[in-house]
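Asker: Starting from the structure of chain A, add chain B where the hints point.
Heads up: the protein sequence lines correspond to chains A and B, in order. Note that numbering that gives the first Met the number 0 numbers the first sequence so that position 279 is 278, with each residue one more than the last. Note that numbering that gives the first Met the number 0 numbers the second sequence so that position 72 is 71, with each residue one more than the last.
Wrong hints could be hidden among the right ones.
[Unchecked claim] Far from chain A, by Cβ distances over 10 Å, these chain B residues were calculated:
no.: 1; residue: N14
no.: 2; residue: R47
no.: 3; residue: D168
[Said to hold, decoys possible] Simulated coverage check for chain B against chain A, where a stretch passes if three residues somewhere in it have a Cβ under 8 Å from a Cβ of chain A:
no.: 4; stretch: 137-150
no.: 5; stretch: 171-178
Everything labelled a hint here was simulated from the structure, so no lab data went into it. The beta-carbon is built from N, C-alpha and C at its ideal position, and this holds for glycine as well.
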Amino acid sequence: MRIYQFTEQPYPDAWNDHEGSLRVNLPNRKLDPKIAADLYHRYYDEWLLADELGLDIMLNEHHQTATCMSSTVIVGLSVLARQTKRARLLVLGYPIGHRPDPLRVAEELSTIDVISRGRLDMGFIKGVPYEFPASNQNPVGVMDRFWEAHDFILKAMTSHDAPFNWEGEFFHYRHVNIWPRPYQQPHPPIWTTTGNRANARVLGERGYVMATLGSGYNTRPLYDAYREGYMAHGRPAPGPDRFAYLGLVAVAHNEDEARRRGELVAGYLRSGSIVHLPFRNPPGFLSVEDHARMLKGQTPPRTLTRDGRVVDMRSGSVQDLIDAGILFCGTPDQVYKQLVEFCVYCGGMGNLLMMGHAGFMSHADTIDNLNLVAGEVMPRLKDWKQPVAQTAAA
Amino acid sequence: MTAVVDAPPCSLTVNGLRIETIVLGDGRPILFLHPGIGIEPEAPVLERLARGGRVIAPSHPGFGRSELAASMTAIDDLAYFYLDLVEALDLSDVVLVGVSLGGWIAASIAVKSTERLSRLVLANPVGIKVGDRETRDIVDIWSITDTEFATLAYCEPRSGERDYQAMPDADVLAAARNREATARFAWSPYMHDPKLKGRLHRIRIPTLLLWGAHDRILSEPYGRAYCAAIPGARFELIARAGHFPHVEQPDEFARRVLAFAGDASRT
Chain A
0 MRIYQFTEQP YPDAWNDHEG SLRVNLPNRK LDPKIAADLY HRYYDEWLLA
50 DELGLDIMLN EHHQTATCMS STVIVGLSVL ARQTKRARLL VLGYPIGHRP
100 DPLRVAEELS TIDVISRGRL DMGFIKGVPY EFPASNQNPV GVMDRFWEAH
150 DFILKAMTSH DAPFNWEGEF FHYRHVNIWP RPYQQPHPPI WTTTGNRANA
200 RVLGERGYVM ATLGSGYNTR PLYDAYREGY MAHGRPAPGP DRFAYLGLVA
250 VAHNEDEARR RGELVAGYLR SGSIVHLPFR NPPGFLSVED HARMLKGQTP
300 PRTLTRDGRV VDMRSGSVQD LIDAGILFCG TPDQVYKQLV EFCVYCGGMG
350 NLLMMGHAGF MSHADTIDNL NLVAGEVMPR LKDWKQPVAQ TAAA
Chain B
0 MTAVVDAPPC SLTVNGLRIE TIVLGDGRPI LFLHPGIGIE PEAPVLERLA
50 RGGRVIAPSH PGFGRSELAA SMTAIDDLAY FYLDLVEALD LSDVVLVGVS
100 LGGWIAASIA VKSTERLSRL VLANPVGIKV GDRETRDIVD IWSITDTEFA
150 TLAYCEPRSG ERDYQAMPDA DVLAAARNRE ATARFAWSPY MHDPKLKGRL
200 HRIRIPTLLL WGAHDRILSE PYGRAYCAAI PGARFELIAR AGHFPHVEQP
250 DEFARRVLAF AGDASRT
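Excised from the complex, chain A in its bound form (with noise of 0.2 Å):
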């Protein structure tokens, strides 16, 4: 098991004064700079820290918000690939669609390769429904888009010998020939994301790295949907590091004080729903049969605990989130068997994507956190033998 420590890199003044949305239209002078600098320190500071522990880094990237500072992941990833030593830097995601130009793509994260000597998983993604607004990127046929940066971003990185020709429907380029070229060789590791079987199956087709989120113990059906595609080639069952999970994580000495951190770390979830309602589903982000579900009133519930009992991400209690897998919370032993008890559910799971950080976490709060996992509930993890399923679920 893997475990990356993820910030979104909030700025968490602004939950006191945003006047009903945090994003895209949230005015930028409630940001103060020299706030924001502290922030970006710190937040750094903790990467760093996890570095030294022996976990691994995930950043990401949303625009125009204050629950995520970083506009463009490529500046965090600059800093990281630098200052870190060994941790493998998880970009998840680059939100290729959105991207005017995939050749800049391409550079930049063969840059970020070769200076952390290979140590970039390059994950690339749709983009949440609040990013079209800002970037005015048309979120109709967004997906094709996504493909042709994805399909042009492989060819530039493993294309060695001659410049090549690029006329697709979306990007046009003449002479392509990027330098410097990966340090992966061909390229580093592809991750994404996904909610739904059909992508998933898709997914597994391509062997890349699948990661979900919120999906708690409503995640099976898309592993399985993966393993499907993954086995559909003739392959033998994906291992467990071909799946990934965000979960928030809050561990503590105590029962009382993790439920502290765990309450802090769940306002992450609970500022999901804090946007302007119309920016919340732009035209073509949902498939015209979901959208028409909507319009009826019928949206199925995803988020599910292990007994079946509906949960709402945004509004469920701390018991609520660690019954229903979203949240991982308790001292290292209770929270070892939940990641246990989880990846078990999954048919394994070899990367776990902590939110180990959120909202108005302390510095102290999260560094004693990053210490518990790495120390004390990490080494446990990676003696533990992860199951590796061989069909869907019973």
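Answerer: Just chain B, lined up with the frame of chain A:
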């Protein structure tokens, strides 16, 4: 070019693309191009227009129950599609009527060829850029709520209410397709083609700009600027109507269109 016309409820197949089409009445062809919210067979305006000719009201490719070709990504693609449709049906002396997004398509058709057209009616059309680069001419319909949209788009906001719970599933799906298709063609540049205004001078057939006076998605100066860019175009207001005058004042809308179509002094 050929077209296959099925029995009602009609569908037309043009260029291999099957689109649902409402056909009503007889006589001179009136091609009605709907706005982004689509068109329903029972829309009163169609029956009123059919008193003066043969109304042909297709759902644009990707809208309603019409098929979409993956290569169609711009209003120009729809304009060329309708030029093909008019040829395939061998229509001539056509009165071309478009509302809002349909007006944009109609203008985009007319700058390419008016060979088979005799009158053009643009009702509260989008499609051109009038103000400076920091002035949004057209309200961003994807950054407001449905309630706000109804308030801005209609003289009487209740005209815009939709009860999706009570609607048949197929109609809700059509509404979802209308929303997505509008974004496909109009997301960016937002609701306009930067080239169109400079081409409007090519429209040399009698043109009427009909304007729902209470439109707050577009401003009246926007409509007047549109009108001024088309040689000899006439501007007329429709009272007690907003962005969709054919919905709120179907009688008056049809009366104005048919009066303009029959006005021989304009030819």
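Asker: Now tell me if each hint is right for this structure.
Answerer: How the hints compare with the structure:
1. N14: Given a closest Cβ separation of 20 Å, the condition holds.
2. R47: The claim holds: R47 (chain B) sits with its nearest Cβ about 29 Å from chain A, beyond 10 Å.
3. D168: 7 Å, violated
4. 137-150: With 4 residues close enough to chain A, the hint holds.
5. 171-178: holds (count 6)
Comparing the model with each numbered hint stated earlier shows that hint 3 is the single one that does not hold.
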